[in-house]
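Asker: Now for the letters of each chain:
There are 2 protein chains.
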Amino acid sequence: MELLEKAIQERGTIIGDTIVKVDSFLNHELDTSLLYEIGKEFQQQFRHKRVTKIVTIEAGGIAPALMAGLAFNVPVVYAKKQKSLTMKGDVYCESVYSFTKQVYSDVTISKDRLSSEDHVLIVDDFLANGEAAAGLISILKQAGAEVAGIGIVIEKSFQNGRKRLEELGMEVVSLARIARIGEARIEFLKS
Amino acid sequence: MELLEKAIQERGTIIGDTIVKVDSFLNHELDTSLLYEIGKEFQQQFRHKRVTKIVTIEAGGIAPALMAGLAFNVPVVYAKKQKSLTMKGDVYCESVYSFTKQVYSDVTISKDRLSSEDHVLIVDDFLANGEAAAGLISILKQAGAEVAGIGIVIEKSFQNGRKRLEELGMEVVSLARIARIGEARIEFLKS
Numbered sequence: 001m002e003l004l005e006k007a008i009q010e011r012g013t014i015i016g017d018t019i020v021k022v023d024s025f026l027n028h029e030l031d032t033s034l035l036y037e038i039g040k041e042f043q044q045q046f047r048h049k050r051v052t053k054i055v056t057i058e059a060g061g062i063a064p065a066l067m068a069g070l071a072f073n074v075p076v077v078y079a080k081k082q083k084s085l086t087m088k089g090d091v092y093c094e095s096v097y098s099f100t101k102q103v104y105s106d107v108t109i110s111k112d113r114l115s116s117e118d119h120v121l122i123v124d125d126f127l128a129n130g131e132a133a134a135g136l137i138s139i140l141k142q143a144g145a146e147v148a149g150i151g152i153v154i155e156k157s158f159q160n161g162r163k164r165l166e167e168l169g170m171e172v173v174s175l176a177r178i179a180r181i182g183e184a185r186i187e188f189l190k191s
Numbered sequence: 001m002e003l004l005e006k007a008i009q010e011r012g013t014i015i016g017d018t019i020v021k022v023d024s025f026l027n028h029e030l031d032t033s034l035l036y037e038i039g040k041e042f043q044q045q046f047r048h049k050r051v052t053k054i055v056t057i058e059a060g061g062i063a064p065a066l067m068a069g070l071a072f073n074v075p076v077v078y079a080k081k082q083k084s085l086t087m088k089g090d091v092y093c094e095s096v097y098s099f100t101k102q103v104y105s106d107v108t109i110s111k112d113r114l115s116s117e118d119h120v121l122i123v124d125d126f127l128a129n130g131e132a133a134a135g136l137i138s139i140l141k142q143a144g145a146e147v148a149g150i151g152i153v154i155e156k157s158f159q160n161g162r163k164r165l166e167e168l169g170m171e172v173v174s175l176a177r178i179a180r181i182g183e184a185r186i187e188f189l190k191s
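Those protein sequence lines, which keep their order, are chains A and B.
Taking UniProt numbering, the leading residue of the first sequence gets 1, the next gets one more, and so forth.
Taking UniProt numbering, the leading residue of the second sequence gets 1, the next gets one more, and so forth.
Calculated from the structure, these hints are not laboratory results.
Incorrect hints may appear among the rest.
[As the list claims (entries may be wrong)] Covered stretches of chain A (in silico footprint by chain B; criterion: 3 or more residues with CB under 8 Å from a CB of chain B, positions within the stretch not fixed):
(1) 27-41
(2) 90-103
[What the hints assert, rightly or not] Dumping the calculated DSBU-like pairs for lysine-lysine here, alpha-carbon to alpha-carbon at most 30 Å:
(3) A:Lys21 x B:Lys81
(4) A:Lys81 x A:Lys111
(5) A:Lys101 x B:Lys81
(6) A:Lys101 x A:Lys49
(7) A:Lys6 x B:Lys83
(8) B:Lys111 x B:Lys21
(9) A:Lys83 x B:Lys83
[Claimed, not checked] Label pairs and their calculated CB-CB ranges:
(10) B:Lys21 x A:Arg47: 45 to 55 Å
(11) A:Asp112 x B:Ala184: 35 to 45 Å
(12) A:Lys40 x B:Ser116: 30 to 40 Å
(13) A:Ile19 x B:Val103: 43 to 53 Å
(14) B:Glu10 x A:Ser115: 14 to 24 Å
(15) A:Glu167 x B:Glu171: 19 to 29 Å
(16) A:Leu189 x B:Val103: 16 to 26 Å
(17) A:Asp23 x B:Arg50: 20 to 30 Å
(18) A:Lys141 x B:Gln82: 54 to 64 Å
(19) A:Lys190 x B:Leu189: 51 to 61 Å
(20) A:Lys21 x B:Lys83: 14 to 24 Å
(21) B:Gln44 x A:Asp23: 25 to 35 Å
(22) A:Tyr104 x B:Ser98: 19 to 29 Å
Only a predicted model underlies this, so the values are computations on that prediction, with no experimental measurement involved.
Glycine residues also receive a C-beta, built at the ideal position from the N, C-alpha and C atoms.
Construct all of the structure, not just a fragment, from the sequences and the given hints.
Answerer: Next comes the structure, spelled out in structure tokens:
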């Protein structure tokens, strides 16, 4: 998605050779027009699939997921993330490791919010190691829901997330695929 | 806003006499059509004001703020919330007390994301004691930005948040104002 690659290139901040911060339009400030286009693009890319619900994780995933929900005209559910707790209540839960923060979190969705009738498109802002997406897939399986596919805004294609999700049989569509983060320039894969 | 009051009445869960859970359309699952209407309503209500940016707090505020941003065609900035930390970096910061969780959090916005040129509409999902909104006002003042007003999805009018914000000179618009939470029914104020 050219508009998105341009935003990453021009408005992202490169930190070392593995991180590009996109606080200026995706992770802290939200570029509403760009996000609207991102939502429409997810709908285009997955129009061959039956989608009854979008699922994501707070907080970074909420904005792109909501715009996808708007384009598909379906509800969005965002999983909650918290330091691992013992009390679980009436939720589906999966433990997810954050490589950035080096901490395990519990990712939870209330049982009320999912059903075995759901056909779910998972949407997230980033795909790196695939930990978060794999956690959501596990939760959706617990609920007996169908996973229609995985829509990612920015994929770090030099990490193993896509491979991991494809090995789970998932269709992964990433709107921007970063091949390499150079000192002053980001190289993209053709998506 | 009638559509919203209807959703609260029919799809909210009453817990005791002070809490109504709206996980079914606003705080966990997001009703995208309703949120789209909420965004448009904020734009209508504040169309007399100059608004260059929407500011909110993660995670509950992101969805209504994004829809307001879409209606106004302006960017959204969501403040980050974390347990009080010593390391602050290059951010505006305010300590905010959560009465529900009984814990202080640091609410932060990167200095890069605000300027003294900004005319900001604050948007949040709930107004109870006004702690979060007052924290955001303090951050916006640190940045020298103008506060155009405060748009709230659900106000608990039996708590003192509105009074507190009005005493700070703020225009507060709440799309639903709860006067009283009864055992089986919620009473609204005319807004």
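Asker: What are the numbers of the hints that this structure violates, sorted from low to high?
Answerer: Hint check: 2, 6, 7, 8, 10, 11, 13, 15, 16 and 18 fail, others pass.
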